[in-house]
Amino acid sequence: MPLNMPTQDHLHRTGSLKWSGMAAPDGRPTIGAWVAEMDFGTAPVVEEAICRALHDGLTGYRPSWLLPRVQEATSAFQASAFGWALDPDHVRMSGAVLPALVTTIRKLTRPGSAVVVPTPAYMPFLTLPGMLDRRVIDVPSLHGVAAGGVGWRLDLEGIDRALEGGAGLVILCNPWNPTGRILSEEELRGLHEVVQRHDALVFSDEIHSPIVLDDSPFISYARIGEEFAAHTITATAATKAWNIAGLPNAQVIVPDAALRARWDAATHLFDHQPVTLGALGTIAAYEGGGPWLEEVMEVVRGNVDLVERALDGSGIDFIRPQGTYLAWWGFGATPLAGSNPSEQILRRAHVATNDGAALGESYGDWARVNLACSPSTAEEIVERILRLLP
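Be aware that the sequence shown starts at 1, since it is given in the working numbering, and climbs by one per residue.
It cannot be assumed that every hint is accurate.
Stated by the list, open to error - Listed next, with one range per pair, are the computed distances between beta-carbon atoms:
| hint | residue 1 | residue 2 | range |
| --- | --- | --- | --- |
| 1 | Glu164 | Glu185 | 19 to 29 angstroms |
| 2 | Gly15 | Arg347 | 33 to 43 angstroms |
| 3 | Val35 | Ser376 | 12 to 22 angstroms |
| 4 | Glu379 | Glu226 | 23 to 33 angstroms |
| 5 | Glu185 | Val35 | 25 to 35 angstroms |
| 6 | Arg347 | Gly148 | 44 to 54 angstroms |
| 7 | Gly166 | Glu294 | 23 to 33 angstroms |
| 8 | Pro63 | Ala265 | 52 to 62 angstroms |
| 9 | Ala81 | Glu193 | 18 to 28 angstroms |
As the list claims (entries may be wrong) - Below, in silico cross-link-like pairs of lysine to aspartate or glutamate (EDC-like), each with a Cα-Cα straight-line distance of 20 angstroms or less:
| hint | residue 1 | residue 2 |
| --- | --- | --- |
| 10 | Lys107 | Glu294 |
| 11 | Lys107 | Asp133 |
| 12 | Lys107 | Asp264 |
Rather than coming from a laboratory, the hints here were simulated on the basis of the structure.
The C-beta atom is built at its ideal place from N, Cα and C for all residues, glycine as well.
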């Protein structure tokens, strides 16, 4: 079945958050290229699972058989996609990744301690800890020559200094929102050395892991070895790859028995109320959504190719994402530098992107751009933004 490619008029009429949640000051319609959702709907197998559940009346409390089904589907997907032989019993459910992070911070770290966030970072990583009586230590990552030719690299020395100062948790995002990097095993091992030295924890957000755009192997941090898993809470979900963020369900993976006991004790009265329909959509996506996702990734790869060609010579800093459908554009060498490029793009080009400053205090001249759209929309995004540059 061909991938659903709604027109911009249709997307405006249906009013998804991506297309309705950020208006230009003059009220004119904007192209939605900010929040991490796609323009393609979801996989037919997911639609069918949801419709079947509604027809069967599964709209009440979560059935007792649902958790084991999610555990088995998650384990099988991790094995087939990434070669991780994951025990299904090591999987727990959460409503979403962020509630799992809240539990990790609130229950597994000390009040008043610090949380290390390598930046640029997904925006809530920089705001949630402060709401939970934890300090954020923003560690800017290495870029350009300092990153050794990979675009962006974790600053392990900076993370080491932050942990030396008493931080108890590092938030890892892999694949890396917003840079699109898929971290290598070498980098993950380097992070492990730092974390192990300071007896800290890692919260590994792997929600974008099914979306791999090149031949870079995705490796889950906790999969590398028992000593990695011993200090790691891994959170993943089908919500980004199959575009079902409105059907909340995430999977928390805790292979270490001692850490899993701490997690279970922290959540024994609640598990963030994962939605039954979200769990059923997750099962369908993991078990039968692969062909649809391959079509999506082909479109995104084509959009990345288009953007890379168009931006060549423009002065915009653009590194091909290896994973996710998000791209990180730098405007520091363009006339938009120092003028809040994202705001200029919204006001003058009527394209809604994410302001880089929200992803780290060092990134005011950057913008996050969502490329999970039709090729014609991707082309229009590029054309509108390039018209702002002389």
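Hint-by-hint comparison with the structure:
1. Glu164 to Glu185: 19 to 29 angstroms: holds, 25 angstroms
2. Gly15 to Arg347: 33 to 43 angstroms: violated, 22 angstroms
3. Val35 to Ser376: 12 to 22 angstroms: Given a distance of about 20 angstroms, which is inside 12 to 22 angstroms, the answer is holds.
4. Glu379 to Glu226: 23 to 33 angstroms: violated, 48 angstroms
5. Glu185 to Val35: 25 to 35 angstroms: holds, 31 angstroms
6. Arg347 to Gly148: 44 to 54 angstroms: For Gly148 against Arg347, whose Cβ atoms are near 37 angstroms apart, the range 44 to 54 angstroms is violated.
7. Gly166 to Glu294: 23 to 33 angstroms: Hint violated: Cβ distance 45 angstroms, outside 23 to 33 angstroms.
8. Pro63 to Ala265: 52 to 62 angstroms: violated, 25 angstroms
9. Ala81 to Glu193: 18 to 28 angstroms: holds, 27 angstroms
10. Lys107 to Glu294: violated, 38 angstroms
11. Lys107 to Asp133: Distance ~12 angstroms between Lys107 and Asp133 Cα, so the pair holds.
12. Lys107 to Asp264: holds, 11 angstroms
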